[in-house]
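Asks: Turn these sequences into a full structure, and let the hints steer you where they fit.
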Amino acid sequence: MIDTKPRTRETQFVSTREVGLWGRMLQGDRWLIILFLLPTLAFLIFLLWLPFLQGIWMSFHNWPFIGKPKWVGLQNYRDFVTASYFWTTIRATLIYSLSTVFQLGIALIAALALNQKFIPLKGIWWGIMLMPYAMPPVVTGAIWMYLLDPNLGMVTHYLIKLGILSEPIYWASDPTWAKWVITLVVSWTFWPFMFLIILSALQSIPESYYELAEVYGANLWQRFRTVTWPHIRGAVLAAFIIRIVWNLEKIDQPFQLTGGGPGYETSVLSVLTYRFAFLSGDFGMAFTVGIFLIAFMMILMIPFLRRFQILITQAGKRG
Amino acid sequence: MNKELDRTYSRRDFLKITTALAAVGLTTSLTPDLLYGEAGTDLKGVTIDYWNMIGVQNPVVKQLSESIIKAFEQRTGAKVNTTWDTYGSIIGPKYRTNFLAGKIPTVFDAISSWTGQLRSFLRPLNDFVGEWDSETKEPVSWLFPLIKVQNRGFSDADQIYDLPFLVIPQAPVVTRLDHWKKAGLDFEKNWPIKDTDHFLELLKAFKDQKVSEYPYEVYGKIWDAGDTQLNGWVRSLDIEKSDFLNADWTRSNCDSEPWIRGVQFYVDLFRKYHYSSPDSPQSTDEDAVEQLIRGQKSIVHADILNRGTFLKRIPKEVEAGLIQWGPHFPMAGGTTGSVVFQAMASFSITKQTGPDAEIKERAAWEFIKEWFRAENQIALAKSSGLSARRDVWDGLKGAPDHYIEAVTSMLNNPGVWSNHPKSVDIQYNLFAPHIQQAMGGADVATELKAYAEEVNKILKT
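Protein chains in written order, with this note's numbering: chain A, 1 to 319; chain B, 320 to 780.
Worth flagging that the hints you see were computed from the coordinates, not collected in a lab.
One thing to keep in mind: the hints can contain errors.
Unchecked claim - Stretch-level coverage of chain A by chain B, calculated; a stretch enters the list once three of its residues show a Cβ under 8 Å from a Cβ in chain B: (1) 253 to 264; (2) 270 to 280.
What the hints assert, rightly or not - Derived DSS-like pairs (lysine-lysine); straight-line CA-CA distance at most 25 Å: (3) B:LYS467 with B:LYS456; (4) B:LYS456 with A:LYS68; (5) A:LYS70 with B:LYS635; (6) B:LYS467 with A:LYS70; (7) A:LYS250 with B:LYS635; (8) B:LYS398 with B:LYS422; (9) A:LYS161 with B:LYS779; (10) B:LYS635 with B:LYS716; (11) B:LYS670 with A:LYS68; (12) B:LYS422 with A:LYS68; (13) B:LYS779 with A:LYS68; (14) B:LYS381 with B:LYS422; (15) B:LYS381 with B:LYS398; (16) B:LYS776 with B:LYS381.
What the hints assert, rightly or not - Covered by chain A, per the in silico footprint, the following chain B stretches (three or more residues, Cβ under 8 Å): (17) 625 to 638; (18) 673 to 686; (19) 698 to 712.
Every residue, glycine too, gets a C-beta built ideally from N, C-alpha and C.
Replies: Given below as structure tokens:
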């Protein structure tokens, strides 16, 4: 029989004390929820947070691959900040992070174009658009290396043939070109992720909204500003934040295309972390650079995270 | 475990290997009588794990390795589990990680200046070397002082942990005769090159006569900047300061005057004289060899491991003497009489534990001895480097490209790179970015000072 009598504050307090914390957690179906959460929690704790905390600990040590670690305090941080290549690598990372903006630009235009009713064979177009993302980054990196090769590459060949270039560009040996090439190759490889997210958001907008806007005489730009953008901005923001993190941690293509050179000109923070950890075997410095990378990501992401939070709050208020 | 090795050899196996090697004029210790005879029983039941690195050099060396492994198995009855590896494994984290995790081969080959990081896992070979027959030991004994110099920062430098079986003197020059004719140069009068002033004259002639736009190449890529021609030039100015590290491994030599002069000349070939291509900060000797083959270069420095590329790509031209090798040469004013640093491919045996430790170490040593048999040393010298055994060199001379004459003439008091536990980092990872910066226009002395400081910091820790 169901007890319909309202509980007083006093009885609730008593029952809580009697049952205890574990009892409360395991009441009803809660144990099942906790059981389902356990693997994720274990993953987060043992494979993410503990290694991360250990990484911070290691950054205060001289931590060789073979041999005993030695406490050095803030020495690694001091060494990194005063290194001759510090600002070079920060500048490279900043330019490299622009790849997220390029990815957004390409993805937004492509998604808006492919969402138009008059475009035929959409499935095929989507397939073509997704191809760069479906290929392993090392493969796309190799393709671009060949295409852009100053002596053998097709791009150089045709640019010279068309009279756009008078001689090949040795981009891997030129600090400015090298930075832009890795940024553009990474943009080309990963823009379909944003394309997918934006396209999904676009397709969730009811057609009637556009019809109504047309009835009121809205032009293309007005329809985008008042109907499309408010519906996709949350998705765009989420995709943008994810891609900032994913782009900045990419190592394979920059390393493959330039090896971090010339000098340290394309040694973005993730590449430098890899170099310290796996080539130099200096885990103290590797984690020091890694922590700088996290700080760099946070600085870039905080404005977007705050904006995302505001959007969620606004959506919540609207119900 | 490699199942292929777990069975007796058939006539087909034998023919497959020997025919492939014979096609390139090589024979090894895997002879028909050994193959068809009764397998040896000295080490029957013993299995050793071998990590092969030299096989990555080219397909011929891999086949040679297979052949030598099979010959050893037939001769002794032991079994060899072979893992085909690459240089990247010891340069990168793979070997360190595996060794720390207890996944350790019984025997492996590597470049001897890269094994310092694994020294605590290795077994000294002095007792084995001591009982070696004099017929083999004597021709390789010229390497023993070099091994000691290479390890002089270790307290047990007298112990041999790495036994070189191939040497790679860095770096001879290689040229194409047709370019000399086009440039109006007399090859007989101008070869070998006397010094860097003479070299500049030759390059000027190639460029002025428009034989090649960039007749030469200096290498900025990480693996070639620090181990091709540069150290030899520094050595010609000062033997003691020519290695990256000083004698007791307490500081870097690279901010010294001979280094500044050597690196400045290296950079000038690219920036001042424009004899090296715009891609120099990222170029390699393998790329330069390809360009020489295509006629885009006139002279390049290249280690003799590249000889296989010439044989594969333009065998007829090599046979006709179009390609000629010559010795490295000193900086103008360099009077030390030595211009060479020598890389060495070596064998190491790891410390074994357990009841069969002794027999496994013995088997590993017998395996190494197989590689030092005269026929194997000759085959290796024809396909990869210069054999460690000096007694086979004379028999190798007379090839149309004179590669043996070129490299053996360079071996006057050669230098060797230190086998410091951080040698890979010091010689390659840290050095290349600074050379690339200098090639980009940064001041050479400033870059070398910054590099030396980075190395000194490592040495302190």
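Asks: Run the structure past the numbered hints and jot down the numbers of the failing ones, going up.
Replies: 4, 5, 6, 7, 9, 16, 17, 18, 19
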